[in-house]
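Dock chains B, C and D against chain A, hints included.
Protein chains: 4
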Amino acid sequence: MSTADTSEKLSRLSSPDLDEVLGLPFRVLDDGFIRVIDYMGTDEAIVQAARVSYGKGTKKVNEDRGLIRYLLRHKHTTPFEMCEIKLHVRVPMDTWRQWIRHRTANVNEYSTRYSVAIDSSQKTSPSEWRKQSSDNKQGSSGFFSPEDGKLLTDQEKEFHNLSQKIYNERIEKGIAREQARKDLPLSTYTEAYWKVDLHNLLHFLALRMDSHAQLEIRQYARTIGEEIVKRWCPIAWEAFQDYVVHSSSLTRMEMEILKEITSGNTESAIQKAIGFGMLNSDRSVKKNREREELEEKLKDLNLNIPW
Amino acid sequence: MSTADTSEKLSRLSSPDLDEVLGLPFRVLDDGFIRVIDYMGTDEAIVQAARVSYGKGTKKVNEDRGLIRYLLRHKHTTPFEMCEIKLHVRVPMDTWRQWIRHRTANVNEYSTRYSVAIDSSQKTSPSEWRKQSSDNKQGSSGFFSPEDGKLLTDQEKEFHNLSQKIYNERIEKGIAREQARKDLPLSTYTEAYWKVDLHNLLHFLALRMDSHAQLEIRQYARTIGEEIVKRWCPIAWEAFQDYVVHSSSLTRMEMEILKEITSGNTESAIQKAIGFGMLNSDRSVKKNREREELEEKLKDLNLNIPW
Amino acid sequence: MSTADTSEKLSRLSSPDLDEVLGLPFRVLDDGFIRVIDYMGTDEAIVQAARVSYGKGTKKVNEDRGLIRYLLRHKHTTPFEMCEIKLHVRVPMDTWRQWIRHRTANVNEYSTRYSVAIDSSQKTSPSEWRKQSSDNKQGSSGFFSPEDGKLLTDQEKEFHNLSQKIYNERIEKGIAREQARKDLPLSTYTEAYWKVDLHNLLHFLALRMDSHAQLEIRQYARTIGEEIVKRWCPIAWEAFQDYVVHSSSLTRMEMEILKEITSGNTESAIQKAIGFGMLNSDRSVKKNREREELEEKLKDLNLNIPW
Amino acid sequence: MSTADTSEKLSRLSSPDLDEVLGLPFRVLDDGFIRVIDYMGTDEAIVQAARVSYGKGTKKVNEDRGLIRYLLRHKHTTPFEMCEIKLHVRVPMDTWRQWIRHRTANVNEYSTRYSVAIDSSQKTSPSEWRKQSSDNKQGSSGFFSPEDGKLLTDQEKEFHNLSQKIYNERIEKGIAREQARKDLPLSTYTEAYWKVDLHNLLHFLALRMDSHAQLEIRQYARTIGEEIVKRWCPIAWEAFQDYVVHSSSLTRMEMEILKEITSGNTESAIQKAIGFGMLNSDRSVKKNREREELEEKLKDLNLNIPW
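From first to last, the protein sequence lines are chains A, B, C and D. Per the numbering used here, the first sequence runs over residues 1 to 307. Per the numbering used here, the second sequence runs over residues 1 to 307. Per the numbering used here, the third sequence runs over residues 1 to 307. Per the numbering used here, the fourth sequence runs over residues 1 to 307.
Looking at chain A on its own, in the form it has when it is part of the complex (with noise of 0.2 Å):
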């Protein structure tokens, strides 16, 4: 007696819409790519592993996707980790540094110790450059004109031909590709095999698929989410959008203060920002990252601000 039916063979689960793509690169900034060799279940491996854990009770009561939604939205994420893909990507070293952050993953790069780099660096138009954000240290905001950033494009090809040249001499002067390679660009193009799970797959593209991620890698996450996992693993796809990429939360203070205003209670409500320290005790409105996320909120909710 087991937990499941022991008597039948079994036969890989496959994803006929990733099937379709296998191999094909999507193409992502100038000469960057991402394709899938392969992967291991769909949504219906998701299903599989949870009624592994919670035995013969879950067969009836649920469907398949009402148990995806579930699982996800109250984070049982054991079963999301059953899915795994594997990815070629071509990516700037630039990005590569942001990517490999992520601890759990398998990872084979491609080596500049054992073969020549990789003869490409990633070239920004005209129109692609971006200016200093103001208001948030690590971002940027906004685009420089083609007209001033025919300059800059210029004056980088020029410098792009210039390291490649160097690189080159050295190499063809006999120093080690190990050595000859430390004055690559980061914008120079590396390729990896990157394997990961579905668990943590999505916990990247939460990161990397949000606004405040840089502009390049969100490209690649993008592609990432809207290409490949949505092929794979439709279900639990939908569900990420729905309780993840789309959902918000609210602090304690928050909910506080949000209740005070939905109970009408506004003089409540500015009594308790003032003594979260969101706003002076003269009722003026200090500097405070807090209120101001609070206030976004608020106008998403279509509620006045009470101060």
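Certain hints may be false.
One copy or two, either will do: identical chains are not told apart, so a pair holds if it fits within one copy or between any two.
To be verified - Derived EDC-like pairs: lysine to aspartate or glutamate, alpha-carbon spacing no greater than 20 Å straight-line: (1) K9 <-> E292; (2) K157 <-> E8; (3) K297 <-> E256; (4) K299 <-> E147; (5) K272 <-> D242; (6) K9 <-> E227; (7) K259 <-> E293; (8) K259 <-> D300; (9) K259 <-> D30; (10) K9 <-> E20; (11) K165 <-> D148; (12) K173 <-> D148.
By construction, these hints were calculated from the structure, which means they are not laboratory data. Quick caveat: nothing in here was measured; it's all calculated off a predicted structure.
Same frame as chain A, now just chains B, C and D:
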């Protein structure tokens, strides 16, 4: 230009020998099993990943078998992480306690909070009762006679019946499952989906197929190795036998003494052994584990012990 | 030139409040405990690490408390990984089975292969027997009367005595410890050193202090939180309360319906709820967990349920 | 009753030798460093943790040094995870790319999105330019003459000045820092807090102190080993030298051939070598890496190569 041909569609790699047994349980112990639910990659996936790391350079030099063997021999482990397997296991909780200590795997275990516990405990037959080893504090050595074992087995059976009866009574009385289970014996079977990559699986097998591992988990490990990995990635499995399972290692001290012995310098060997604290200064043998371990290795090499 | 002043010797950060209780056991359950063996870092270490990431820029803008709260609110988790703590815990094996599922910790557990098992099992007093929850398949709800409990407790005591007697007999007969232990009840205490960083500890606490966690592990989690983390990193602990423990989250659907409600559009709210499958098309309430969850949140905000 | 005396307050373990250098930078390369920020545990912590695992049994048998050596020799690695260290490192991005591949550590890196990049690149002096190894595709072998190196160094200096100039211009023009950095050379220094346990640190050192590791990371690894670990956990460090760094391993084939050689059976040794594909069937030497590796080991043992 990329490190790989990206113009053609891929198909998923598959292992026909493993496909043959997909879903079918390999029996272990009296009521346990292991069966393969799904997998990703084969020997070929190891080669494929290595070639991303090493670029175009490798293709001509090595054929696949040689490359896989080279990688394993030199502990280039990342390409082995590119294969993944998902097993459904049924195992006594006592064995599972050891199994789960390996942290680099994904797990969905049967929940005895959610469902009634599996109605089966690992039974010990009269001939299976093992004696405490006298020289290995954490091992066993030899068996009790079936006559002596009979009494133990009868006592065990009675105890299992009693524990099951108490558990069932608690459940019938309406005690919460999460609490009713608190006195189940460790011999109670549990089930889990266990997903792991080939590198970490081989590490698990190296530790758990070893003669120092407990007999029960050793039987599971051997089944995974010989029935599953051998079918799945036969070249990697053979390399693992040659370079890990049947390899030997020599410490700095062992190397130094061995060198004296193979050079015929018996006296120097003895002096070194004294210097390393393996012998007393009067050359008499002292209780010392490193000396004992060295003597074992000398015997394996058909060499005389010089002291 | 570096991001930090490297010309002066450092001293180790220490937390005087935690030093007060170092090594002293906090009692949990009838015979369990948790005690702090060692730790690294304090609130200040979080700030120190964040300032390496953010360079000189941060220093003026935020003071420490604000920075820690900002980091936790926005899930910048890596600085919290810079604090580490090592606990000595004594816990029933049944609870330990749940505990050990958290993989991002270092563990040394008491070995019942090497040594005789700890001679203590978690006992349930007459007033502690819990009823199976009817609406939560993996929970309990309410207690049996002490009179009913008395019988269960007596039965349990007898069973513990018997299992201990059988275990001792096996040991005396010379059965290998690794095998003799196979029928110990899950209520048997084990001990371990458990070492974890603050980020992963807070994640553990978020899951295990939650009302859905089993009562036993919840008591351990609360003790760790309120007796240990609160003394160790009081600012991070307070932020954790405000932004994790007492926070609330809203799904995409909940946001959309809530927005209609706070805008006074009851009819639109109902239409949305129908569209999301929370209500039948005739506006009648259907069995739907998402609707129930939303209704809970509306109550928390003192808002009327529009259907 | 517990496995340890829980009645007395503990103090934190400390390593006086390491305390001496806390915060002080050890210089590496032309402008890099490593300094210890904090640590937890010492050799004594390894013993302490092992004794939880092994219970009371160990105390009498082994003294601390013997126990630590035994644990390391037999790869009982978990007690070594009970020591933790936090380093502040300054390292070229090219080296950091290799460093960060070790996933079992906690990291806070200097952010060039948030702050202006560190104004320093690793410079190669005229005598430091290395030649590509001809027999090791991923290594270097020998140096260029200082005269030849002079030109390369001058060229490099000019290139660094140019890249820095372009970066500064971009920043001054208001280009977002996250984008301005895209063409920084890999030789640009970065800084990070890097926190790791002793087991994983020793694994890192075994790989990165090895002669196959790139010279730059090898210098960091040696500094960590010889200046830091040696002061921190001197007994573990010594055991690591004896059992890992200066150990040797023999494959199944090497063991079999060696046994024939030490038994004087030259002919059998040759036949085995033919059977293992190390020699051609006419006994002539064929290109075969395993044979070359074996020959190296035979030389180390002062044994004649039989073919």
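Practice task
Could you place K259 and D300 in one of the four classes (within, between, both, neither) given a Cα distance threshold of 20 Å?
Solution key: both (16 Å within a copy, 7 Å between copies)
Handout entry: Intra/inter-copy verdict for K173 and D148 if alpha-carbon distance must be at most 20 Å
Key = Answer is between; shortest inter-copy Cα gap is 10 Å, intra-copy 38 Å.
Exercise for the section: If the cutoff is 20 Å on CA atoms, where do K9 and E292 land: within, between, both or neither? Let me know, please. Expected result: Neither, since 58 Å and 40 Å both go past 20 Å.
Practice task
Using 20 Å as the alpha carbon limit, work out where K157 and E8 are close: within a copy, between copies, both or neither.
Solution key: Intra 61 Å, inter 31 Å, cutoff 20 Å: neither.
Exercise for the section: Using 20 Å as the alpha carbon limit, work out where K165 and D148 are close: within a copy, between copies, both or neither. Expected result: Intra 26 Å, inter 18 Å, cutoff 20 Å: inter-copy only.
Practice task
With 20 Å as the alpha-carbon cut-off, assign the pair K299 and E147 to within, between, both or neither.
Solution key: Neither way: K299 and E147 sit 37 Å apart in one copy and 56 Å across, limit 20 Å.
Exercise for the section: First find the shortest C-alpha distance between K272 and D242 inside one copy, then the shortest across copies, and answer within, between, both or neither for a cut-off of 20 Å. Expected result: Cα proximity of K272 and D242: across copies only (14 Å, versus 31 Å in one copy).
Problem - Copy assignment of K9 with E227, given that the CA separation must stay at most 20 Å - result: between (32 Å within a copy, 16 Å between copies)
Problem - 20 Å Cα threshold - placement of E20 relative to K9 - result: between (26 Å within a copy, 8 Å between copies)
Handout entry: Up to 20 Å CA-CA - D30 versus K259, copy category
Key = Result: close neither inside a copy nor across copies, 49 Å intra and 41 Å inter.
Handout entry: Alpha-carbon proximity context of K297 and E256, limit 20 Å
Key = both (14 Å within a copy, 13 Å between copies)
Exercise for the section: Up to 20 Å between alpha-carbons, please classify K259 paired with E293: within, between, both or neither. Expected result: Cα proximity of K259 and E293: in one copy and across copies (16 Å, 17 Å).
The earlier numbered hints that this structure contradicts are 1, 2, 4, 9.
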